[in-house]
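*Asks:* Now for the letters of each chain:
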Amino acid sequence: MGNCCDRAASFFGPQKNTNVRVGLPAVCFVWQIAMVVLFGVFIRYDEESDTHWVEFRRENNITSDIENDFYFRYPSFQDVHVMIFVGFGFLMTFLKRYSYGGVGFNFLIAAFGLQWALLMQGWFHSLNPETGKITIGVESLINADFCCAGSLIAFGALLGKVSPVQTLVVALFGVTLFAVEEYIILDLLHCRDAGGSMVIHCFGGYYGLAISWVLYRPNLHLSKRFHGAVYHSDLFAMIGTLYLWMYWPSFNSAITDHGDGQHRTAINTYLALASSVLTTVAISSMSKKGGKLDMVHIQNATLAGGVAMGTAAEFMIQPYGALIVGFCVGIISTFGYLFVTPFLEKYLKLQDTCGVHNLHAVPGMLGGFIGAITAAAATEAVYATVFITFCKNTFDFEGEFENRTPGTQGGFQAAGTCVSIAFGLVGGVCVGFILRFPIWADPGDDNCFDDEVYWELPEDEEIVPPVLEYNNHMIHKHQEM
Amino acid sequence: MGNCCDRAASFFGPQKNTNVRVGLPAVCFVWQIAMVVLFGVFIRYDEESDTHWVEFRRENNITSDIENDFYFRYPSFQDVHVMIFVGFGFLMTFLKRYSYGGVGFNFLIAAFGLQWALLMQGWFHSLNPETGKITIGVESLINADFCCAGSLIAFGALLGKVSPVQTLVVALFGVTLFAVEEYIILDLLHCRDAGGSMVIHCFGGYYGLAISWVLYRPNLHLSKRFHGAVYHSDLFAMIGTLYLWMYWPSFNSAITDHGDGQHRTAINTYLALASSVLTTVAISSMSKKGGKLDMVHIQNATLAGGVAMGTAAEFMIQPYGALIVGFCVGIISTFGYLFVTPFLEKYLKLQDTCGVHNLHAVPGMLGGFIGAITAAAATEAVYATVFITFCKNTFDFEGEFENRTPGTQGGFQAAGTCVSIAFGLVGGVCVGFILRFPIWADPGDDNCFDDEVYWELPEDEEIVPPVLEYNNHMIHKHQEM
Amino acid sequence: MGNCCDRAASFFGPQKNTNVRVGLPAVCFVWQIAMVVLFGVFIRYDEESDTHWVEFRRENNITSDIENDFYFRYPSFQDVHVMIFVGFGFLMTFLKRYSYGGVGFNFLIAAFGLQWALLMQGWFHSLNPETGKITIGVESLINADFCCAGSLIAFGALLGKVSPVQTLVVALFGVTLFAVEEYIILDLLHCRDAGGSMVIHCFGGYYGLAISWVLYRPNLHLSKRFHGAVYHSDLFAMIGTLYLWMYWPSFNSAITDHGDGQHRTAINTYLALASSVLTTVAISSMSKKGGKLDMVHIQNATLAGGVAMGTAAEFMIQPYGALIVGFCVGIISTFGYLFVTPFLEKYLKLQDTCGVHNLHAVPGMLGGFIGAITAAAATEAVYATVFITFCKNTFDFEGEFENRTPGTQGGFQAAGTCVSIAFGLVGGVCVGFILRFPIWADPGDDNCFDDEVYWELPEDEEIVPPVLEYNNHMIHKHQEM
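Chains as they are written, first to last, in the numbering used here: chain A, 261 to 741; chain B, 261 to 741; chain C, 261 to 741.
The following block holds chain A by itself, in its conformation from the complex (with noise of 0.2 Å):
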């Protein structure tokens, strides 16, 4: 196969030059020891993960080791870890020759990426002025897989079309972005996100759309021959579909608050996401020739409920608010994949090889939307007896916030959607040009899409039936008799 693409070159003129084995060792080593580092200046455990956690009880009179954070978080946490590698790394093995890449640099980047992840957000948020150190426990370990979902996000618009070298770039630049505006939409204006709409998918889905319009190649269709699904492919994806749907409750319910707190995500995610696979279902049978279902719709649009109710769904949005919220994302987001994604890449000459457009942008912000509606909409009606409660638990309204009422807290929530979709149209064009340099030994147009590039593939018999082989093996020896 190998000699196969040297003759191509004679084709296509002189390869571009996709050797990594420099530069990508390079950049692991370098950024890893630079981890190492940083993590032995800064990070230390915290009270509840070190063995000062006996004093740490003894002190706070808590009766049972139950109530440390991990019992509350740890199931929740391997939720989201499995949608971080596996939800969303087998979401990307749906390209008939780029399976590996999918899940491969997925796997490469989030492992970067916690890490950087709990260094930033640690600066940002829990850094002790006074040791100069960051703690970390299991709730931070659940934020750095957030802060990496970002990047991944905009992996996705990119897939196929970038080095291993340039996604580590992209999560090094996205965690740095994702870090500052999380501080500015949760710290300063003071909004709730428990499922990141704003923070992790409008950001994520706007920062890798605006790097994919900087990179835009004019000839991809030479690579046309590698951007499709094969039958089995296409399983593999839904595998990373399903895990990501099933544990979407989990993943908007991590850090929420205790008791009724996580307890109530977990439901309105539940059912807005079980709305938007019918909703899906319904436009994508009817845009189809004798109604058939297509898989790229399956495969993306029943997630964008989860999507859209990453703000609200700590709120009280009622099941039926949660079930209208995903009936209504379900249709936008098919649409979306129907006619956005082309309209995108004729007019707007932004290429979104998965189509984070529609099931994370779009969706994203207008789940910071739906949030800060929600959020303004909460009057002492809805919430009787627990009202003040309530403003002072799930807002926060205290210290310099306590003069906020549920109307201003919308406001602010939506100003926080948009600094997240400026965040990400900014950052994105940044990195865009960054990744512009030719130094990244990125594929060439007609090299898109192919595992080929960067990874060693087995040779693939699938194609040669065993039996055949068999019999060459045995006529071969007989010959040698």
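Since the hints were made in silico from the structure, they are not lab data. Don't take each hint at face value.
No copy labels: a pair is met if it fits in one copy or bridges any two.
[As the list claims (entries may be wrong)] List of simulated lysine-lysine pairs, DSS-like, C-alpha gap at most 30 Å:
1. Lys549 / Lys484
2. Lys276 / Lys549
3. Lys484 / Lys609
4. Lys549 / Lys609
With chain A fixed as given, assemble chains B and C onto it according to the hints.
*Replies:* Same frame as chain A, now just chains B and C:
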């Protein structure tokens, strides 16, 4: 490929109309809108997922948020959720050309079914007569998933022979019937059935078999070319099998009593499953030339131990009792695949694609009777000092049921099993006749087990080696020059 | 294909007898019946899974059901369970024609092994001398799964070269040896080894290598045609890799102390794993022309961080310490795949199908020594005010071990590592000789890595395009007319 199917028509005469472009979207929209309206009227958060949890905690002297039912049940819920979507879904991907249908329609049925189940089960079990509202929490979500399982089991018997519209009809009536029989068995007869041997597996199995019997296709052999596995489709099915097998302890224990109830149920299920693996392998190997194992048995009969422990797992059946149950049903289930399924097809005109007779119907029925025996055998000797507490807590011998003894309870359990069989058979026959109306766009006899009918399939270039394709591309380019 | 195999016999001389039709069922039945009897005699529920929990709670002033060990351990148990069956199982599907054997025999070994492990570990650790009974709870289930892991690791070295009967023999002796070495290391030497670097990985690795060494096949090259991956088999293996990787924090923390113990262990493992991904990618890329990545490395060496943290993760190794460990073992393990495995095969006559030497044996051994160093380095400086509590709780310096210091503990930890190596090597050689008796129906040298030998395979029509098959069918029909 479309071409070739068009040609096929000339041999077989006018092809059956399988166009679902109007029907499927219509059903999805109507039903989803109905769900939104009904949820709006009826469904609210319960006191543990509502913001009133704060008050509820105070009033009930609950010392910690960790005692919210969420933390008792959510990890089990997620395991059950995975079983429903990945377990059942991927188990049904074993056919070479119906993997999309297997995992995709499973997804659709479950996403609709769980919404309808929340309503149906709510009306029967938790409708507050004063407020007219149903309140839901994490236990409701588990029960809704359970309720879907019944219809998914039925779908297993119909796999490849029905249209997506028909699957939704199966789910609509399946969930309805389930809620009624569950109400009769659990509330009126006051049976215990934590893991649903009776209400889920026995009912679901016979429901599917009865539908399949009514829908008998004498010319199904015309689809013989698609009625089998290929190497990789069997591996996808193993994903389903293993997730069902691993998480079955969570399935059976998900709604048992807090504390020792969940703990004991999980242990018993774990042991029964382990035991049925060994006897399945033994019988499978004995039945084939050279002792070769059959993937159909490994994929299915290994799970029979979990089905058969659905009722008895929460009782004190003892570890060796669990092993014996697994031992026996492993053998029975494998014999079913070897002899009973072919017998049913030949003499009873019953086509059972996944063999739900052997995995659900019979082991479920046996599980019901094993539960009856175990309940009847609950004596003071086994439970010693806690006998009365056990009767009160696990059997709920309170109120109108105060005078029951374990012996009478056993009788009621056996009666419950019969009720579930009756509901399955009668309900299934009725639904079967509904599905015979010629309006559902089901596939023709020569078109079964073929994703081509309801899915946009990728051109399967796996069969054209990428190298050749690439060369063709090159040649083509060359000629153009 | 059967035909073709018959023909093969004429070239190779009489083919080896691989008929397991008597042996496999016999072994399964005998062993499963033995399990039923032994469980009947010995095994009962412990006080937290028995109905006596009600009394136990009252007597011990336990305020809530949530303090039942089930809620501390069950989510971790399920993660470990997934690692054993899906993780190990799918990791072994990478061969193009041994995927059924990889996932299927893994399933069989583990299902038998966990029953035998409950007995063996029970006799050594929790046999009540008064009642003569072993009591089991969720922690026993985790330990039983751990115990199986040792044999599954050994199976990795033997993959494709042994019969299913032999795998059961490997498991029988593997579990037995495991229970003995574990008793010596954890009870007599009083070592700590939460995640089993020593007792699981180091033992299991050397056990498998020793067996494989005894079973050396000089003519294994005759099976060369099957000794490799295809595109999709490598993707199936990635499912295994990712589940092992994601759930490894649960594996290491599953049986550590409640509270900070589990919390800290999970964090350390998470970090070590992330770090080893980057160094694995770096070395893999450096080693190949063009910097292409090798799936074998990504599938395996990325996990080395988890193995190497098995002992030290519960100590205060600090986050940067965990990163350093992952950094180093990622490099060592990848080098192992590049250089050591070929070296072992060429010069030591040791065929190691999955490379367990590089993923389990060496990282496990290193993990043992890292644990020893970390334990010895536990000083008052690090633990400050809770030093004594830590020594008491984590090291269990009580009773006869009251006078130990962290320094001597470190020495004992190192000694434990040596014990596990010795048990693996000596036990493996003995078991290897047992497996050389000509009664086990193992495959011939030309038949290794081939599912055809022990499995009924579907006729692989993937290689006949469905379209052609359909046309043939049509032509055939036409001719009949």
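*Asks:* For each hint, tell me whether it holds in the structure or not.
*Replies:* Checked hints:
no.: 1; hint: Lys549 / Lys484; verdict: both (24 Å within a copy, 26 Å between copies)
no.: 2; hint: Lys276 / Lys549; verdict: between (41 Å within a copy, 16 Å between copies)
no.: 3; hint: Lys484 / Lys609; verdict: within (16 Å within a copy, 47 Å between copies)
no.: 4; hint: Lys549 / Lys609; verdict: within (28 Å within a copy, 34 Å between copies)
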